[in-house]
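For chain A, the structure is supplied; the task is to place chain B on it using the hints.
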Amino acid sequence: MSVLPPPRKSPQQRTTSPTQPPQVRSRAAMALSAAAAEGRFVLQVCPECDSVQYPPRDACVSCLNTNLMWQDVDPSGTLLAQTTVNISVNLYFRERGDWRVGTVHLDAGPSVVCHLHCDCVTRGRVRLINRLDRAGEGVMIALPEGGKATLQSDPQLNALSSDPTHRRVLITDARAPNTPMLAKALLEAGAATVFVGEAESWLPYPTRQALDKVKNVEILPLDVTDTASVQRLAAEIGGKTDILINNARFLRPGGVMARGSTGFASQEMEVNYLGLMRLAQAFGPGMCARTADGVNSAVAWVNLLAVSALSNQPGFGTFSASQAAARSLSQNMRADFRASGLRVMNVYAGPTDDAWQQPVHPPKVAPIALARAIVTGLREGLEDVYCGDVAQDIAQRFRENPGLLEHEVTAGELG
Amino acid sequence: MSLNTLATLAAEIATGAVRIVDLTHTLDPDFPVIILPPEFGQCARFRMEEVSAYDHRGPGWKWHNLTLNEHTGTHFDAPAHWISGRDLPHNTVDAIPVSDFVGPVVVIDCTQGAEKDDDFELTPEGIAVHEATHGKIPKDAWVFMRTDWSKRSGAAYLNMKDDGPHSPGPTPEAIQMLINKRDIRGFGTETVGTDAGQGAHYAPPFPAHYFLHGAGKYGLQCMANLDQLPPTGALLLAAPLKIKNGTGSPLRVMALVADGAS
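Chains A and B, in that order, give the protein sequences. Under our numbering, read the first sequence as residues 1147 to 1561, first letter to last. Under our numbering, read the second sequence as residues 3 to 264, first letter to last.
Okay, chain B solo, but in the shape it has when bound:
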């Protein structure tokens, strides 16, 4: 049965009946990272330093040293990223069971709200509206908040104002509902974090980080191309690098989408 399933899948990928969608931004020195108050340590930007380029530093080969944070670019958050998840078992990227890196994904379309309001909130009511059309979010699924925010670039992406960044995110109630009532695997966004730009002002601050990781759930952020995913039915491949005690990792996020997926 399994052998047949995999053979069918391989064949359908080859024919294009199953599309593979890349949900990843290119690692680029100019891609924004989260900005914290300057007294705190900061997220390292992505940097590439040439080691050699077929020259006197190494005549036959070209390669680079990379510098980046675990949370630079399109990246995965493990439970150990947040203080609420620091004492959980298997809370780092090297310890998470690999089966968790492949699973179903549900996409909640928040584009209309996010277009009108930079601080658009995903609420329990918004989740209910999604479920009324697309069915109940299944247990152990990834839930993505689609805002089309990834189509923004430059200053409009972080959208930093004098009172901090402004970008959409879930309310504390919404994220608690997804965890406690739907038992999701993780939550993903197109913005720089799983929380809203103004997420520091919720109680607790940064509720998505706080509640997700406290419950052993995962985060994915800075994703692209969520508009190419169906609301339900896609299969997500999101495997962070195996970093010892890593709290997260840049990664290539891909989704398998079958023809006819709703």
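So that you can see chain A by itself, here it is in the shape it has in the complex:
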């Protein structure tokens, strides 16, 4: 089912305020949300008796072991029964009309009450996915097994995704080598327009020609190091920026002792950390106010980060510090944006295929891989995306043991 382009909005119509599905979760259940942020389907498994648990709990349903482990489990099951809720006491569901829910018996053991994709049939085979709802909490959704059903193909579940279709995207740095590819990918994914921010128009740059050739790209002045420039662009297009992709980045190799001063480090912080803050302060309020504004509502904020944000990589030591600062700020943005439902998606990559990381050994992330990861992450409504083998490996080690990862990286094993 394809979504039609929205008509131009009536200037007399009040913008709908965002409402939210229920938010309160137990601490145990929050682990589901953390997994949903990465699009993983996990359930608690008892290490003593192997029983799979649902809903989340503090002790094993079979043997009372209190050391339950969250694990990726088989998401296959059978839809036992379904019903349609016509009227809900919750404002979010009330506004959305009839809502289908069902009980799925998982092959792994437990039964789960979950949202249903419109193509699911009773007694049919389904696969469950775990995704964030607009309150930022993990919810289970049943999709028909083996089919090509997506969140986008169900009008109600589409609200869980950050689909670029018909949306207007701002990519903040025209000079970044990945910008032409990102713009193309977003437009191919259905974006209506891609605005691209251009700093220092007095200085030519190689990606400009490639950008000029992409239809539906509008290049506008934006320098994330200049507060007035960020405010000017937000005043101009802040009310029609539905997805913001911050790819502005300043990077120089070297750590603390390789630098004779704080010069490059301060540029790294100006662009990578304070630039993000300027964008958030200028664009955040307008985007948060428009998260329920119809088909092309504001939906997601995307930060491109280096995976060295998780653990400092000595060869790019001060750059890593700026990435860690940006990551921390993105967590703050999530907290501030939470009430609006505007999703902050961090896309982490290992070394990228560009001039400053030319001496770094492969594998390196090509612009096309980054573009695909962004589009997929938006469609799946994710919060954390790890693009490429290096980022995925580092993320896995970080999840398992951040202290061990630090020792591995600073000892040079992964550097």
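Source of the hints: derived by calculation from the structure; they are not laboratory data. Model, not experiment: these values are computed from the prediction. Among the hints, a few may not be true.
Unchecked claim - Ranges of calculated distance between the beta carbons of each label pair, as one might list FRET restraints:
#: 1; chain 1: B; residue 1: E52; chain 2: A; residue 2: G1409; range: 22 to 28 angstroms
#: 2; chain 1: B; residue 1: E52; chain 2: A; residue 2: R1240; range: 40 to 46 angstroms
#: 3; chain 1: A; residue 1: S1407; chain 2: B; residue 2: G18; range: 37 to 43 angstroms
As the list claims (entries may be wrong) - If the Cβ cut is set under 10 angstroms, some of the chain A residues that face chain B in the computed set are:
#: 4; residue: W1348
#: 5; residue: L1349
#: 6; residue: P1350
#: 7; residue: T1353
#: 8; residue: Q1355
#: 9; residue: S1375
#: 10; residue: R1398
#: 11; residue: G1406
#: 12; residue: G1409
#: 13; residue: S1412
All residues carry an ideal CB built from backbone N, CA and C; glycine is no exception.
Same frame as chain A, now just chain B:
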């Protein structure tokens, strides 16, 4: 005598008989700065960050924090800016005698050449042509190379190509002649530096910087309105900020021009 001179000057400024010409570009975040190879440290752009604007951050007042390099916008170069001048006495902006900040200025018109050739060079021959019409450049004068480059904006100002920027400047021989034979006080331009855009390819590289500062002379660049100055007879006021050990400074450059100046 001096009292009379100053009183006359004040009166003539008041009547407009002596005009004050502003040779300064506005400090603007979008104004180009010199671009060095990216491995090197870069010149900070001009930035203004609001501290408060009659609001909760300070209800009754508005003010900004500024970020900039000593060499951002219309600026003064002290001898300590270049390695050739690093061991000279009084080589920083705080140590230069203040009397050096007021003095005569000679303007060499290079507009015709610069209009035809982005890489136009001021040569000893070009200086000789100027002197043939306007007289010998006096000792201890500022010498400005007028190109009307300040009328350019955007990408045309820095004029950056794949092989670097292209803008007019003096040859090594011309700058040596001004220093050794005319003993000038300093050299000023409308372009982003005292050297030509392709100045890195002279021997020595960046000869204006190298020879001027090695001889304890000063530089002024990114100036505007040189077309409002006479070839001789104007008085220049160019006082950099008093920055401890500063190698240069943004500044307001002004010239006093008398009616009838040639």
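Quick rundown of the hints versus the structure:
1. B:E52 x A:G1409: 22 to 28 angstroms: With Cβ atoms ~24 angstroms apart, the hint holds.
2. B:E52 x A:R1240: 40 to 46 angstroms: Holds - the Cβ-Cβ distance for E52 of chain B and R1240 of chain A, about 43 angstroms, lies within 40 to 46 angstroms.
3. A:S1407 x B:G18: 37 to 43 angstroms: 49 angstroms, violated
4. W1348: 5 angstroms, holds
5. L1349: Check passed: Cβ of L1349 of chain A comes within 6 angstroms of chain B, closer than 10 angstroms.
6. P1350: 6 angstroms, holds
7. T1353: Since chain B brings no Cβ nearer than about 14 angstroms to T1353 of chain A, farther than 10 angstroms, the hint is violated.
8. Q1355: For Q1355 of chain A, the interface hint is violated, since the closest Cβ of chain B sits about 13 angstroms away, which is over 10 angstroms.
9. S1375: 7 angstroms, holds
10. R1398: The hint holds - R1398 of chain A has a Cβ within 10 angstroms of chain B, the shortest such distance being about 8 angstroms.
11. G1406: 9 angstroms, holds
12. G1409: Holds. Min distance 5 angstroms.
13. S1412: 9 angstroms, holds
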